[in-house]
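Those protein sequence lines, which keep their order, are chains A and B.
For the first sequence, full-length UniProt numbering gives the first residue as 1, with consecutive numbering after it.
For the second sequence, full-length UniProt numbering gives the first residue as 1, with consecutive numbering after it.
Simulated from the structure, these hints should not be mistaken for laboratory data.
It is possible that some hints are incorrect.
Think about it this way: if two alpha-carbon atoms lie no more than 20 Å apart in a straight line, the pair counts; the simulated EDC-like pairs of lysine to aspartate or glutamate are [to be verified]: (1) B:K986 / A:E66; (2) B:K880 / B:E819; (3) B:K735 / B:E711; (4) B:K986 / A:D112; (5) B:K800 / B:D739; (6) B:K801 / B:E760.
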Amino acid sequence: MDQSTESANASSGPGKSTTTLNGGQSVSKRLQTELMQLMMSTTPGISAFPTDGNLQHWTGTINGPEGTPYESLTFKLTLEFPSNYPMAPPTVLFTTPMFHPNVDMSGRICLDILKDKWSAVYNVQSILLSLQSLLGEPNNKSPLNGQAAELWDKDPKEYKRLLMLRHKEAED
Amino acid sequence: MATFLSQHPIPYSQGRKRIFESVFPPSASSTLPTPLATPSSSFVIPPSQPPQTPTPSHGYNTRHHPNVTLSPAPISLAPSPAAIFAKESRAWHLATTYLSFPADPFPGSLREYVQTHQDPTRDVVEAIRYLTTHHPEDATPETSLLEWYTCEVRRHFLAHVRPEISIPTEYKDGASLLEEILGRLTTAQSIYLFRLRTYIIPEKKKGRARRNLDSWDESDDSKVQAFVRSLNSIISYSLPDPAWNKLVYEVFLELCGTAVGLPGDDDVDDDDDTVLDDEDGSDTISGDEDVYHGVRLSQQSFVTETDCDGDIVVDDDGVAIGNPRDMDGIDEFGVYRQRAEEKAKEKKNKRLEEKPREKARKKVLDIWAAMEKLGVGGGGRRGERVFAEVINTLLTTYINAHFAGVWETPSKVGDDLNHWVEHVLGQLVLDVLFSSKSANSPEGWAARLKKLSPRESFRASRQSLDNRKKGAMEVDAGAGVGEDDIKRRKEDLESWKRIAIGRLGRLRVGELFDIVVEWPESLGGVEDLRSYIISPQTRLHLTTTFTSALSTRLLHPAAATSDILRAYISLIRAFTVLDPHGVLLDRVSRGIRRYLRERDDTVRVIVRGIMSESLPDGTEDAEDLPELAQELGKGIPATQQSGGLEELDYDDLSWAPDPVDAGPEFRRSKGLDVVGSLISLWESKEVWTKEVAAVLSGRLLGSDEWLFEKEIRTIELLKLRFGETTMQGCDVMLKDIADSKRSDGHIRAEEHLKIEGFPEIHTKILSRLFWPTMKEGGFQVPVEIRELQERYEQGFETLKKKRKLTWLQTMGTVEVELELEDRVVQVPDATTWQAAVIHQFGEEERSNKWTIPRLADNLEMEESLVKKAVQFWQSKDVLKEIGNGVYTVIENLEELEANSPAQTGVTAEEDEEVTDDKKRERMVVEQFVVGMLTNGGAMPLERISMMLGLVPGGFSWGQEELREFLSRMKSEGKVEYEGGSWRIPKA
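Using the sequences provided together with the hints, build the complete structure.
Printed below as a string of structure tokens:
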């Protein structure tokens, strides 16, 4: 623990660019930096924090964007960072039951930047922001959840009802 | 031999018996055949029989004659068999009675013995002569006086001498004990031999018994040899085994140690202090005598022994060693002036060291000679092995004692060692072992000794060595030495040298870490190592040993980065000398490089080192490595400039493949390049340029100079390393400053900025993108300055179209002069914000009392900065606190002295400062707590505390503090507490 905090401290200093280096140390260094950035920037509606102090396993929280069916709902996710992060994207899953055209029933997400469009310049913050905007602007051309895709345009009321039904499961 | 003795048939039963007895020595009770005798007319029956002395209680000195008729004499000329028999048995009786030893131990020496023992009477002499001249063909203890004597000696030895040579389990003076034992044994042996020679085998050199005894080694009489062998085997057998070996080992170790110049009780060191040596010499002599005082008695016996034994080994050698000049004389042959001088010096030194050493050496040889004569030295393998062990130990001890930590350069250690091995150790070994070899082979027993006395052999080997040195390969055969012998000796010597070098290498490898740390004072040590690392094994040994030393002694958190770097730099230098190919360097530096990469401040320390000339004065600390700046100045070794293309240089005639033990990622480097090695720690050059830019900007902005030659030079040198494009940023920075100088002059002239009563203003105009990020948080500068700045801005914008100036108000320096009632305070290099704060106090007459928040509001400056400024002026005795956080100017110093609440003021300040830091910390903690609870759900205090370990810089709060903090957050509605856990309130 000491070691990692120490390196995080320094990463804001001269050694910052060392985070781009390969090696086991660099993943945790990078994640430390991201954590610090995330904590200090306090973007409203998104949040994430390492689970149980494990830097490669985070829990994220997204508030549903206003003006969408998801308004005032909170969604939890897990982020698993591979050991070659940021060369490879993290695995992101919704843990809160989700009703969304691009999210399947087990929480898997279809989002290009988490797949083939991944780039090392993305970070936790940008992932969460992308997901937040995905909630409001689903990509209905390649749905994982056909029903949701259909209802999104045709019947927003039914959509909202099913969403709330689904979301309620979480509450129970 | 009596040749006329004719063969005769032996009765069957007798023949069998003899075969049997040749295997099993007959006991006293066995019956024996009549001895065969040749007729002799010389034996005169003594007129009167000596009275029969009572025979000693032992053995078979009385002869039994069972039956006269058993073996009729076959020779016709003989007197009647009965007469012969009677004569014989009488003679036998007389001889054996005389020759048997009394049942007490021997006196101290042969001489004593010779003096005290009675000469034989005529009868006895005659009897013995009769018996010895009439040799029976088949010798058994009953028929041959010699055989009988052998048995008798054996019996006496076991019964009376052996008990005296036992080794007590504890002894103080090993040498004297050993000498005593050897003395006893030698005395016994010489007495046995003396009697053998004097009475039993005096045949050829009748009347010259003494002489005969002296030159027994020259005797080709196989009988004597057989006797000695038999005696020696008994002696060797009777020595208590492990104790004896141990004793000999210890004594030899001590004596040989002294002999070869080990700093023991007498510390006569090598060449250097000739003046001191004189005193040392005499000191050690007396010391020596002290040590051996107790031994003197037994030594005495030795001396007598040598006297009696004449010129066998000891004396000869003594002379040989006593006069090294004798041997050096051979060299003078060569007539090389220089050599002669060297020799003279050596001789001088030798003479100085000679005495205590020679004493010990002589003693060793004495002991060895005695042992050898007794057959327990070289004769038995035991002696040689013990001696070898001693030499082995000595080699290591000598090297450790003389060369540990001796790293002067140019290193003489190798030569010293070679010289020592060749001349001191080698000589000792030759002297000791040579004689023993001959004793080993039965046939060349005396012959080889005769062929080549140790002195001659030494001379021969020296000569051949010298010849070899001079390049002449012919061997002096005139000395009578087989070429084989010399070769072997040469080979031995060479292998000893190799061993010695190996040992030295091991020592140096062990010391290598210290050698590296002490660099360059330790150059000599590295030179020594070069002759060691000639095989893959030794190289591997070196790298593994050194790597583990590195990781245990250097690569741990307790070592400062600068120390590690310093060691690494020394390591690069040392290993470049050690192994110019760089393979070893490559191997050992991997660990240290990996470790350095993990350290966060490595870059900073290195860059500060490289740019140490540009650092502001007075900020140097132990962390800095100014030598790096010099290293950088040396440029890049020529061979490296070709870069990675070196392998493709087909015109490089000196190209050679990588050394076989090079690692897979081995990159050859032909020259010493410290900076290059350091900057290759990271592949990315950005790391470096960033840090360089930071240091450079500090330097460029920190002074009001306009000329930065040193910096330009450094940057140019760095360009060689990193390439033009990488260092572009720094180039721009330098250019900015140079441009600023010009534009500053221009704008000031254009805008007529030199106004009476107004402060002067100069600017440095920076191209924002190329400079490190600066703190932009500004504040309200005083109006006069603002005006000037605006006019300056205009000037700039007319000079450079489409460009805009952004003022960095917090950067820069101000020359402040404060006119107070009783004094003038001058601060030549105040910061802008310090100046702004003090300006507030003087600006308006209406108020010269300010609190910090008001100042901050007024100046739109951060409170912390204001606080710092106030503190600064307080320290200059310009401001003081007059209570309730209100500050005012001290116009008269007497005021301050009159009521000095400064103390309390300062402490209050400090408290404030702490809380200021704390505030920042609290904000971070709050963010973390919120993030944690948002994502992780409700958590108890302990878990929050634990998870806060992720906070950069560590989390040092106690649980109480955290609880308090959380309660405050609760009161602000940020968290809530329920059922022992904290959580984020639901929206």
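Hint consistency between K800 of chain B and D739 of chain B [alpha-carbon to alpha-carbon, up to 20 Å]: This hinted pair holds, its Cα atoms lying about 12 Å apart.
Pair hint K880 of chain B and E819 of chain B, alpha-carbon separation not exceeding 20 Å: holds, 16 Å
Restraint check for K735 of chain B with E711 of chain B, where alpha carbons must lie at most 20 Å apart: Measuring from Cα to Cα gives roughly 12 Å; hence the hint holds.
Hinted pair K986 of chain B and E66 of chain A, Cα distance within 20 Å: Holds: K986 of chain B and E66 of chain A sit about 17 Å apart, inside 20 Å.
Restraint check for K801 of chain B with E760 of chain B, where alpha carbons must lie at most 20 Å apart: Measuring from Cα to Cα gives roughly 24 Å; hence the hint is violated.
Given pair status - D112 of chain A, K986 of chain B, alpha carbons within 20 Å: violated, 33 Å
Checked against the numbered hints above, the structure violates hints 4, 6; every other hint is satisfied.
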